[in-house]
Amino acid sequence: MPDNTARSLPDSAANDAIAAVPIISVEHLSKEVTTSDGVLIIVNKAHFSVAAGEAVAVVGASGSGKSTLLGLMAGLDQPSSGKVRIHGEDLFALDEDGRAKLRGRLVGFVFQSFQLLPSLTALENVMLPLELSGVADAEARARSILGRVGLAARVKHYPKQLSGGEQQRVAIARAFVTEPKLLFADEPTGNLDAKTGRAMIDLLFELNRERGTTLILVTHDLNLAGRCGRRLTIDAGVVSTEEHQAEMAM
Amino acid sequence: MNKLLLSLRMLRRNAKSGEARVLLVALFIAVMSVTTVAFFADRVESALNRQANELIAADAVVASNTPVAARFHEEAARLKLDTAESITFPSMVAGDESRGQGVNLAEIKAVTAGFPLRGKIRIADLPGQPDHIAEGVPTPGTIWVPEVLLTRLKVAVGDELKVGAISLKVVALITKEPDSVLDYFGIAPRVMMNRQDLDATKLIQVGSRVSYRLLLAGPPTAVQSFLATFKGNLARGERLESVRDARAEVRVALERAQNFLGLAALLSVVLASVAVALAARRFSQRQLDSAAMMRCLGATASDIFALNFWQFLAMGLAACVLGSIAGYVAQGGLAASLASLFTVALPPPTWLPALQGLAIGMVLLFGFTLPPLLALRKVPTLRVLRRDLDPFDAGASFAYLLGFATLAGLIIWRAGDLKLGAIAVGGFAAALAVAAIAGWVLIRLAASLRGATSGSWRYGIANMKRHAGGSLVQIMALGLGIMAMLMLTLVRTDLISRWQGTFPVNMPNRFVVNIQSDQLAAVRAYFAERKMETPDLYPMVRGRLVEINGKKLVTAEIKDERARRTVEREFNLSWAAKLQVDNKILAGKFWDADTKEKQFSVEEGVAKTLGINLGDTLTYDIAGSSFTATVTSLRKVQWDSFRANFFVIASPGVLEDYPASYISSFHLPPGNEAVVNGLIQRFPNLSVIDLSAIMTQVRTITDQVANAVGYVFLFALAAGLVVLYAAIASTQDERVFDAAIMRTLGASRKQMVVVQLAEFLAIGVLSGLIASAGAMILSMVLSDKVLNVPYVINWWIPLIGVAGGASGVAIAGLLGTRKAVNSSPLATIRALA
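Protein sequence lines correspond, in order, to chains A and B.
Number 85 in our numbering belongs to position 85 of the first sequence; there are no gaps in the numbering.
Number 172 in our numbering belongs to position 172 of the second sequence; there are no gaps in the numbering.
Keep in mind the hints are simulated off the structure, nothing from the lab.
None of these values were measured; they are calculated from a predicted model.
Just so it is clear, CB atoms sit at the ideal spot from N, CA and C, and this is done for glycine as well.
Wrong hints could be hidden among the right ones.
Partial pick of chain B residues on the chain A-facing surface, computed with a CB cut under 10 Å [as the list claims (entries may be wrong)]:
| # | residue |
| --- | --- |
| 1 | Asn-2 |
| 2 | Leu-385 |
| 3 | Arg-386 |
Some chain B residues judged to face chain A by a derived CB distance under 10 Å, without partners named [stated by the list, open to error]:
| # | residue |
| --- | --- |
| 4 | Lys-3 |
| 5 | Arg-9 |
| 6 | Arg-12 |
| 7 | Arg-13 |
| 8 | Arg-286 |
| 9 | Ser-290 |
| 10 | Met-294 |
| 11 | Cys-296 |
| 12 | Gly-298 |
| 13 | Ala-301 |
| 14 | Leu-374 |
| 15 | Lys-378 |
| 16 | Pro-380 |
25 Å max Cα-Cα, derived SDA-like pairs, lysine to any residue [unchecked claim]:
| # | chain 1 | residue 1 | chain 2 | residue 2 |
| --- | --- | --- | --- | --- |
| 17 | A | Lys-83 | B | Lys-378 |
| 18 | A | Lys-101 | B | Gln-285 |
| 19 | B | Lys-3 | A | Asp-137 |
| 20 | B | Lys-552 | A | Asp-202 |
| 21 | A | Lys-83 | B | Arg-386 |
| 22 | B | Lys-378 | A | Asp-137 |
| 23 | B | Lys-378 | A | Ser-30 |
| 24 | A | Lys-45 | B | Arg-386 |
| 25 | B | Lys-378 | A | Ala-93 |
| 26 | A | Lys-160 | A | Gln-112 |
| 27 | A | Lys-160 | B | Arg-386 |
| 28 | B | Lys-378 | A | Ser-113 |
| 29 | A | Lys-101 | B | Pro-380 |
| 30 | A | Lys-101 | B | Ser-7 |
| 31 | A | Lys-83 | B | Pro-380 |
| 32 | B | Lys-378 | A | Ser-80 |
| 33 | B | Lys-378 | A | Arg-85 |
| 34 | A | Lys-160 | B | Gln-285 |
Turn these sequences into a full structure, and let the hints steer you where they fit.
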């Protein structure tokens, strides 16, 4: 088993690379699972931070541990060791419900498979996170953002009645409606054709710019990764970073 | 509030899903089934409560088997209570033989003016005319009869009826009379005459079974005072009845019937619970992605629980309300199928049973939906990234214990008796366990045969094994449903006809009772004159058991109701020198004909009820004098030989000095009714009971009860079909996915239909096998233990069971999964991947 510590960023280097206030910091984070063949390390002592307003791409081959890392950063999964802090709060010091509430407050998600609730209309899907956190003007805000993503005419439609691109727009609207500080996107164009995928990415970056959201994007699409300010590469669980790309998201 | 609204919004869409429909329909059927019986029971209860004092036609009654003593009349007069009397006994009534009119046994009620003190008699002037309230009682010289008797006797209004030594003119038709709610057998239609004519009939003689009743009515305090005066101060054969006692007696009989129907109704609840459990699990499984996404968006575990709980609650309430309304409508059918057992019109039901239905529906719903609901709380949030993560683990089946415990509680409550309830729970559990084991073994066996089959059939059988859990549930549920159908159709007819087939051709079909000692020779001669075999004449002495082993029997101290009733009433004792052919000694030894010892031989059933053993001494009181003898043998009596038989027989020399009447039975070949008519003409005090009429009546009642049970079992059948649908639906996603893959790999539509068909045929055959085996075992037990007829295998049962099961399941299964065959493979894989 190789020792990755040397290839991970030292604290000082990471701090130099980002702005003063990290929105998320990942500290010596590992995830291991026990299989019949022994212990498998999926994420190996990852250590980095992401500053508020940054756009970061997590890239790597299939099975490299990208999605596991995303799951750990969002508190969807428990690490074997290490910490994740979002807005200074230690994610794993909270219980499952505590993490859910923190996500409701600070985090938005966009998934490859959209993950819209089939039993709710487009409008209701977008209202959902607001309603879960008890926001009063949920409907007005949801309508407004659906208008912003170009779906004002489709608010009463159920997911099944929408095209893949439209579903992803609803998912993006849902992700931004709570004005999250941090947005995780897992292969957001994976289920879309190239043209729709590009339009979706444009929308994502536009909203990101407008609202000053921090974007962490998991993808194997190098073009898409190229539009992010920074690229984290994961290979066999080991995370390494590449500094600012030519094209900045901001 | 927000979450409740959100939940209802989600329900709007979810309610259209297949699993929500299964849940709704299963609950609907369970609630409908239970409320149908409950509404019916409620109507009977209302009838009993509303017409409480009509049940005894008075506020209180003194009943006695001898004329009511003067002290009761005196006390009633002192308290200024209204009084009336009725004297009831069975006797033959006859029309004019020369005009081709017949003879029939009737329950004769002779009444004094003022009867009834409570309630009204309704009469019609002619058949088919509307009835009206009768003014007074029949005037002397007249008689009122029910229409059924007129038909049987071929007598018209205005004709004369012979009642003992006199003739009375039929002037009205009784349509309703108080003091009869249930007409159990209708064997002896009730007729009413004036008390003043009674002595002239000369019908009341030694050994006559007569009920004398003094009816009382007045202010409650006076009635209470009357009852208080005589309570605990009654002579033998005397009884005080208040409204409450009379109601209790009828109620016990009705409650038994209702408990039985209630248990039958619960079978559908048991089956529905399987469908509810399957549907709730699938519903929750379908919510997994949504729940994980909501966790991502900040929902807590209790939010997830609440959002789904409200949906189940709303669906449950809707199903319960609709089920109750349907139960309200359906009870009419149940009441109609049992209508002829009631002599009064049943009042409409109250809405109370709807609450019972609601409670049962909710208990059922949450007993079986809580486990998947609780599992949903634990959905891993990571599922948004990895769909293979599933919170439903093997331990979840433990949570269903709650559901099973609730069901067991329901069954025990509905049975109204802990022991009966426990037997029913045990019976259900054992039947399910046996069906499960048999199903499991059969699935394994079928799977081992798959190598011998080819192509699509091999895949079909492999599928059944792969969905082994679902297949097992399907097989069990279907097996129970098919078994119920087989029992109600084939087995029932089969058993009844075989039982009747055991009767010898010349089996006695007429009983003659009330023959006096001085008529013996003349009665024997009457038969001899007509060249008929002289029937055996058995003496009958009425006595009351007063002591066992010298210990006085105090009825109030006897806890067992059946034993108490046995002790309270008078026994018909007989004596004989030798054992009757249809009796068998089980313990001890029957006496020699010339024995000088005082001995008793006791029938095993009554011995068990009263705790009588060999060697015990019994003391009887006969008309004030008592005697004691020792029990030297216990007998088994073959009651369905239709010969005269007795619970207690004494050895010769014990009873001969007491006043006795004689009883006999004989076979009357068809077309010889004149023999009976002549017998009654010559001996008017004799009563001839037509057993074939009783058999027909028993058959009618059995059919009616079976129809009522069958009616209730229809719900079970419907529930069974819902289980079938739920079980098919529970594996539908897998089937659709498999089918899509097969289509992609080049399978034709026909090949896929054959795969599905093979699986469903296999499931149908296995259910049919289990059902037939169950029905055959049950029918074997009934043959052996209940009807005492040798068991003969009816090969139609397995044939129809298996063929019916296979074709029914195949058709239903193919209809249920046609989506799997017809969907476009790409759309399917995209939707389910």
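Checked hints:
no.	hint	result
1	Asn-2	holds (5 Å)
2	Leu-385	holds (5 Å)
3	Arg-386	holds (7 Å)
4	Lys-3	holds (7 Å)
5	Arg-9	holds (6 Å)
6	Arg-12	holds (8 Å)
7	Arg-13	holds (4 Å)
8	Arg-286	holds (9 Å)
9	Ser-290	holds (5 Å)
10	Met-294	holds (7 Å)
11	Cys-296	holds (5 Å)
12	Gly-298	holds (2 Å)
13	Ala-301	holds (6 Å)
14	Leu-374	violated (15 Å)
15	Lys-378	holds (9 Å)
16	Pro-380	holds (8 Å)
17	A:Lys-83 <-> B:Lys-378	holds (23 Å)
18	A:Lys-101 <-> B:Gln-285	holds (24 Å)
19	B:Lys-3 <-> A:Asp-137	holds (15 Å)
20	B:Lys-552 <-> A:Asp-202	violated (104 Å)
21	A:Lys-83 <-> B:Arg-386	holds (22 Å)
22	B:Lys-378 <-> A:Asp-137	violated (30 Å)
23	B:Lys-378 <-> A:Ser-30	holds (23 Å)
24	A:Lys-45 <-> B:Arg-386	holds (22 Å)
25	B:Lys-378 <-> A:Ala-93	holds (19 Å)
26	A:Lys-160 <-> A:Gln-112	holds (16 Å)
27	A:Lys-160 <-> B:Arg-386	holds (22 Å)
28	B:Lys-378 <-> A:Ser-113	holds (22 Å)
29	A:Lys-101 <-> B:Pro-380	holds (15 Å)
30	A:Lys-101 <-> B:Ser-7	holds (19 Å)
31	A:Lys-83 <-> B:Pro-380	holds (19 Å)
32	B:Lys-378 <-> A:Ser-80	holds (20 Å)
33	B:Lys-378 <-> A:Arg-85	holds (24 Å)
34	A:Lys-160 <-> B:Gln-285	holds (19 Å)
In this structure, the earlier hints numbered 14, 20 and 22 are contradicted, and the remaining ones agree with it.
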